[in-house]
Structures are given as structure tokens and as C-alpha cells.
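Visitor: Here are the chains, one letter per residue:
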Amino acid sequence: MQVTISVNDREYMAEVEPRLLLIHFLRDQLGLTGSHWGCDTSNCGACVVWLDETPVKSCTVLTAMADGHRVRTVEGLERGGELDPVQQGFTECHGLQCGFCTPGMMMTARWLIDNNPDPSAAEIREALSGQICRCTGYENIVRSIRWAAEHEAAERARLDGEDADSVPEAAG
Amino acid sequence: MTAATQFSPNGAYGPLRRKEDARFIRGRGTFVDDIQLPGMLHGAILRSPLAHARITGIDTLAAEAHPKVRAVITGKTLEELQLAWMPTLSQDVQAVLATDKVRFQGQEVAFVVAEDRYAARVALELIDVTYEPLPPVVDARRALDPGAPLIRDDIAGQADNRIFDWEAGDRARTEEVFAAADVVLAQDMLYPRVHPAPLETCGTVADMDTISGKLTVWSTSQAPHAHRTMYALVTGLAEHKIRVISPDIGGGFGNKVGIYPGYICAVVGSMITGKPVKWMEDRSENLMSTSFARDYHMRGEIAATRDGRILGLRVRVLADHGAFNGAAQPTKFPAGFFGVFTGSYNLQTAHCEVTGVYTNKAPGGVAYSCSFRVTEAVYLVERMVDVLARELGTDPAELRMQNLLQPAQFPYTSVTGWEYDSGDYPRALRLALDIAGYPELRREQAEQRKGAGLAGEDAGQPGEDAGHPGTLMGIGVSFFTEAVGAGPRAHMDILGLGMADGADLRVYPTGKAVLAISVQTQGQGHETTFAQIVAAELGISPDDVDVVHGDTDRTPFGLGTYGSRSTPVSGAAAAVVARKVRERARIVAATMLEAAPDDLEWADGRWQVRGDPGQGKSIAEIAMAAHSGLELPDGVEGHLDAATVYNPPNLTYPFGAYICVVDVDPGTGKVNVRRFIAVDDCGVRINPMIVEGQVHGGLADGLGMALMQVIAFDSDGNCLGGSFMDYLLPTSMECPSWELGTTVTPSPHHPIGAKGVGESATVGSPPAVVNAVVDALAPFGVRHADMPLTPAVVWRAIQGRPLRNDLATT
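So the sequences go chain by chain: F and R.
Here my numbering is used: position 70 in the first sequence is 383, and no number is missing along the way.
Here my numbering is used: position 223 in the second sequence is 212, and no number is missing along the way.
In isolation and in its complexed conformation, chain F is listed as follows (with noise of 0.2 Å):
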């Protein structure tokens, strides 16, 4: 069956077999190794994207089901040549090892900081709480996050000042 989706902005049309899983095709066809595979049973969440707005294990998404929809995976995440504050601060916290898990871990933190921009440990805790890593502990994946939702607050209010600052003149 034909397919047409839309992958980090940029829109693939391919033939597909309706059993494929959207991480064989994301990683088989289209190259984009980034996200992993990790177990078969929807546990592990190494494979996590985002279907549209929403983070799915896309090793339980067929393929079919994506056609006409937008994917955002990890190779989506930097944009025009700038990383994104969550993969920094995965670097700065040291919030990752083996780095197997981190790509579904990082799409996790994006869509947590995007509908919740202070998230307490805690609640980071629970949005991580369908996914696996076997190496950190946790404990620096959650300072990770801490991290980023606080550059993003600190980079907001330095946008709102200048925001405020430039207001007189504009209206000068």
C-alpha cells in the first residue's frame, strides 16, 4: 500500500507493506536509525516519536497508521543547525550512557517541557514512567530535563525583556 507521511517536515511517499511497524520504516527505509527497538511489548519506549502532537512507542504503530499524519523523531529535534535545550542538557546532567535509550527518552522530554514548561521531578518521574534505561538510574535524566525547562524559562525571560525593552521605541 502506498503511504505519504510527513517526517521532521519533510514529506515521504513510499510502498509499504500493511504489516510493517513504523520503526522498521522510519529505520529500515527512511534511514533515520535514531530511534531504536528495544523490546516487543510496548515497555521500553527506545522507540518513542511523536505521531503529530503526541509521543507513541512506534513499535506498536503500523505504518499505515501514520499515512497523512506528521512524525518527529530525534533527528528532528535540532533545528537549523541549534540543538534543542533537552539534548543539551542531557550532555550538561550526564543523562546518558550507552545512548540507547536516550533518543525516545529526550521526544518524552520535549512534549513534557511543551505542555508542562516547570515540570517538578516528580512529574518528570511519572512522563518517564513507560519508558526503560538501564544505565543511569534515572536520577541524571530527570536533572537533565530540570535543566532544559529551566534554560527554556531563563531564555523566555530574556526574550520578554527584550520584548519589553523594545516596546517604547517601537511605540516611540
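Hints may be right or wrong, so weigh each one.
Here are the simulated lysine to any residue pairs, SDA-like style, with alpha carbons at most 20 Å apart [said to hold, decoys possible]:
id, chain 1, residue 1, chain 2, residue 2
1, R, Lys8, F, Gln401
2, R, Lys8, F, Glu388
3, R, Lys8, F, Glu391
4, R, Lys57, F, Gln342
5, R, Lys321, R, Pro477
6, R, Lys57, R, Lys90
7, R, Lys8, R, Pro477
8, R, Lys90, R, Val537
If you are wondering where the hints come from, they were derived from the structure by calculation, not from laboratory data.
For chain F, the structure is supplied; the task is to place chain R on it using the hints.
Guide: Just chain R now, with coordinates in the frame of chain F:
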């Protein structure tokens, strides 16, 4: 002064951000399943549904007729190539594909090579195998019964399911001490079968170039050089015609030390088809067929004086090794390093006996961050000390403090013959108690018990009179001594390969360096830490050192990464080879400065004339000169490159003190870990950020083993832990925010004073968690309960059924 600055030459040690992160945060790592080669085919394995059965027929015709199938390989195919059996890492053999019978559920029976991974899976369904079921041996305690089914009838002369008997220590002296002791206590305990379950499963891409005769294998391997030698021995290919590449590895924890049948099948598949063949196992295959860990049935006995002086330990172990003895450990150590079971205590005598048996379960035996069974040893002694504390009515922290080895005793030779290199144990325990606020915790617990009417020991069952007692607070203490960095080649080898590791260091004319090492990172950050080691020795920036690893064509021979050996062995090699370079640089610098080499001193990261610091040369300046036309003294070669092989003089012995605080719901048996305090002493810390990350991960592992993880079987030998739905791993919800502390006692024999740390927390944390839960349940008379302490197990323990007497099944 922090530990990092105190011990860091040239300031190169410290919490440097990792070099490897740049690719991983962009999704640009290269794991085995990311490898795509032109014309690559995909393999899949048909596995046995039965634990023990004779194979009476295999019909592959329908599978071979599938339009996308290129080859179907069975044990018969392999027999013709003399590849049906392969050596294990413990002088046993393992079936690559079963020829005679299957010996565990999930055993490899046939291999299909097809054009895509889906077609390969479909074709498996088309293979028809007929089995004649045999009675299985599932419970290790029944394996040596008269009349027990013989599992290994393939081994000439094997009459029963016994693999080995091994003992350590002084039996007669131990019997004497036990006979005379005031207090002797015994406790049965099981360290259950668990699986390391790295998030990336095992797999390989094999590419046989039929023209050059070169086999390239991309593999999830913690030990690429050892794998190359194994492939040469198994396949008969010349070793220089084999290249093993371990690209990025998605966690190992011991799971990726051995060679699995799927790897050999992929190699054969590539030989037969002339195409690259990829084989990646799925999660169920990973959990059901690759290296498990533990499965030690232990009886511990402890002897002490009435005033709390521990005199001796005696241990009897029944070790379940599964259907093939595939344990990865040094040859002379069939029970791994279990011999360090005397732990951290100043006792007079000890003795242990270990019997290994075959069962109809997956092979393996040593995996999962266990430091070759130090995990089981530490669990045993730390539980026994708590059992003793309970009997004597002594606080478990005080009892440990009373019996810990003292700093003046180091180097200390244990009663079972291990030479502990360095330690200050009381300091580590004191620090842990301080961080925890231990007296305050005990006060809180006493108040809580008093309020709930549970103040006395053995208060009996929670009844109506006590009212609902709310949660039960428990505090667990453990102290561990690890033995890592195998090892001295005179004593330690795997398959005859001595456990020394090489390092090559090249310094280019502009002073940039490339270090090639034999060990393989699976997330430990070698590309960063090893660059820091070289940078510290050469006075250059870690940014100017690249680390090459994981490719046997580009790195020197060595046995790889497991048993926390990377820093103790390969880290030492990196420091030694950098010092060789530095000594050569001294001669070149002396020529440049027109001084005698002896008149130079290494200071501030450069060679300078003693007493005249203005006269000096950096490594970058020296490197350019070493590659130039500068005339060097007779016998001095140009350039600065060097190589070394490091043969460790001893193991290193990291240690630590852990405290766990739990709250147990007596109504449901659910355990909540409220706090976990971990003080680790791993000697000099090269990158403290990475060390702490390793400790965090190990603590989560230990918590998982203590509370959740078990690979159980039913009485027919069906694996009950074959998916992440059944084999429960800790998530962010079960793990607390870890509280760490550090002491630094350098190793006296390691070039930079470092010890291994990768497994410390996995070794040390399970007894802390179990001791905490048992402490919480003390008012109900519970003295011990076997892991994993799931709600059901805890609830049963409260009901007076603490021991798992149905070990084969959950």
C-alpha cells in the same frame, strides 16, 4: 580540595562532559542494527518450545520454498561444516543448532536467511520439527538426585548432572572455630536467576568476502579481540582474516561477553549465500536464551562471640549453570571470585564449597555486572551479618563497624587468599551514616513502631488490636569489598588467553594524539575518560586525544570490558603507554634544549630544565621536533609513538558503604525505597561525573534485583520471564533520588591509583535493600526473605512464609 583536583595531574581529571554524547543526542550513534550493507540478508532463529526433548525430525522444505528465503540452516548443515558445536568460555561445548536433542526452552534449532526480517520470521513458521519430549530438570536441588534425567548425554563419561565441585578456605580450622563459638547461625538463601537485559539486544552482521577471504563481523561484543580468536577457533578461518567491529553498544552488563549461536549462524549464512547477513534477536530471545546471571542456592553459617566479634563463615552453594556451562570467568575459577565471600570483615577462618550442576535452562552463569560472582559473595556475607545482628540484638551498623578491617591491616590477605590492595573501611561507613543521619532514622523508626504497637521484636501478626499499622519503616546497611580488574595473567585467563591488555599511542607532529585500546565501551564513556588519562600524562587537552576502540583491525589485543576491568587494566595501559611517550619526549626535549635528559623535570605539563622553568618544551613542540630532521642521540628512534601491554600485578579492591531506607505497606507487601545513600571508594576518580553515573545505574540494577527482577520457570521448564511484561525492570517510579558520597583511597599498585567501579553498586546494593525490607518486617519475626521482594513475597513473609520453597516457579 576535591578528590579530582587532589589527584589530577595537570588538572585533566574532573567532570568533563562526554565526547560521545554529541552523536547520541542527535540520534547519530551507530549500533549493530543500524548497519545496512548492500545486498544484506536477514537471519532468524527457530527455537525449541520444549525444555528437554529429543529431535526426531526437521522438515525445512516448505521454508526453503518461500520466495524470499535464501537458505535454511539446521544442525545437520552445521555438522557437515563441523560447526554444530562451539566451545563455551568454561571448557564446555554448546550446541550452535541442536542436532540430537534440545536442552532448554528457547534453544536454537534452525536458522533462516531471507531477504527481509519479516520474511525470515514468516519462514520460521514453515519449518516442521518433531520432538519426543523428555522429563526436564528444572530445580537445581533435584539435579543430582539418583535417577534424575541426564541432560548432557553428549559428553562421553558424563553420568550425572554434576559440572564441578570447588572449595576454598580451611575446612578443618573452620570446623574447630565453629565448634567452639558462642553463637552459630545458619541461613538458607537464594540469589535468583536474573538477566542483564541491556536495552539493545544481541546481534551481528556477518560479511564474508569470498574473494579476499576476509570475514568482517559487526557485533554486540564487549570483547571484540576475544571474539575474533573464538571465531578463528570455531570456524577454522585464519585469525588475520577476521575483523570484529563492535560499534556503539546499547548496554552490556555482561550480556555481551560470550558468543551466541546466532553469531555463528550469521557467519555461516554469509558463507553460504555470499551476502552479508544480519541477525538481531528479539527481546524474548534475549531473555530466554542469552547469558543469565546468579542462580546460586546458598547456605551461609556465621560464628561469633556473644559480644559480637565475628569469627568465621561457612558456605555451601549449589550453582545452577543451565544446560551448557557457558559461564564467562577466568579458567581457574569455576565459581568466579566467590572466594572473596569473607567480605570486609576481620574474621579468623572461612570455608566454602560450591557444586555446579546442569539444568534444563538457558546457559550462561556469569553476567550482569557481578564481578565474577562477587555479587553473590557480598550478598551472602551481608545477609549473614544482619542475621547475626538480629540474634545479638545489636545495631547492624555498629556490628559492622566493630568487625570491619582496619586501615592498618592493608594490604590485607584474606583467609581465603585474596590480597586486598587498599582500604579505609570505617571512614566510608562513617560517611554513609552521616549522610543518612542514621541515629535520627533509627529514632524515627522506633517512634513509628511504638506508635503502631510494634515496638518489641516478634510482635506477631498484625491484628485488630494493633490497628492498621500504616507503613513499616526499614533501614538496611551493607558494606562491600569488590575484587575487579582481572587479572594477573599468571593466574587468570579465559580460554587460555591471559587477561592482559594492550594500548597503542600515536602522537602526531602537531601534538595531537590517538590512543587505541582493547576494551570496549558499552556506555561507560571510554572516549572521554581514556582521553583524560592520556591528557593528564602528556600535559595536553583531552580534546587533543582521540580514543579508538571496538575494531580489531585498528586496536591492540586485549580481553575487553567486563568485570569492571577497563580502568584497572586498560586504564593502566593507557597511563603506562603515555608515560613511555613522555620518556621518549624527554630525550627529544633534552636534545632541543641542549641539556642532559637527567637535568630535565616534568612540571606544569612540559619538560623543563631543573631550576630554570623558563627553559622548557611542551609535548606539541617536542612532537614536531621528533618528526623533524633534528639529530637525536644514537639509538633513539624518531617520532613519539609507543605501545604497551599491561599485565596487572593484582586485582583492585574498591569498596563502599550503602544505606537503604524503605517503607513497606504491610497490607499489600509493596516496598517503597524512600532513600538510598551510597558511599563509594574506587580510588582515584578520573571523571567523577562518569563514576557517579555508573554508581546511579548500578544502584537501579540492585534495586531491581532486590525487588522486581527474576527469570523463573514452571515445572515443565517454561521460562516465565521472557518479556518485559513478565521480567520487570525498575523505572523512574521505583528509583529514588540517589544520595552519593565519596572517599578516595588510591590503589597502591595501579599507575594512577584508580580502581574499577562499574559493578560496585550492583554488587553492594541488593543486600542493603533486602536488609532494609527484612528490618521493616522484624516486628513480625521475619529474619530473611528471598529476592525479588515483590509485594507477594513480602506479604507471604509477613504471614510467616519467608522462604521461597517453590524455587522453580514463582
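Visitor: So, for every hint listed, does it hold in this structure?
Guide: Results for each hint:
1. Using a Cα cut-off of 20 Å, the hinted pair lysine 8 of chain R and glutamine 401 of chain F holds, with the two alpha carbons roughly 13 Å apart.
2. Restraint check for lysine 8 of chain R and glutamate 388 of chain F: satisfied, since their Cα atoms lie roughly 19 Å apart, inside the 20 Å limit.
3. A hinted pair counts as satisfied when its Cα atoms are at most 20 Å apart, and lysine 8 of chain R with glutamate 391 of chain F qualifies at roughly 18 Å.
4. Taking the CA atoms of lysine 57 of chain R and glutamine 342 of chain F, the gap is near 18 Å; set against the 20 Å cutoff, the hint holds.
5. Between lysine 321 of chain R and proline 477 of chain R, the direct Cα distance comes to roughly 12 Å. Compliance with the 20 Å bound is thereby established for this hinted pair.
6. Between lysine 57 of chain R and lysine 90 of chain R the alpha-carbon distance is near 29 Å, which puts this suggested pair outside the 20 Å criterion.
7. With a C-alpha separation of about 31 Å, the suggested pairing of lysine 8 of chain R with proline 477 of chain R is violated against the 20 Å cut-off.
8. About 43 Å separates the Cα atoms of lysine 90 of chain R and valine 537 of chain R, which puts this hinted pair outside 20 Å; it is violated.
Violation of the numbered hints given earlier is confined to hints 6, 7 and 8; the remaining hints are satisfied by the structure.
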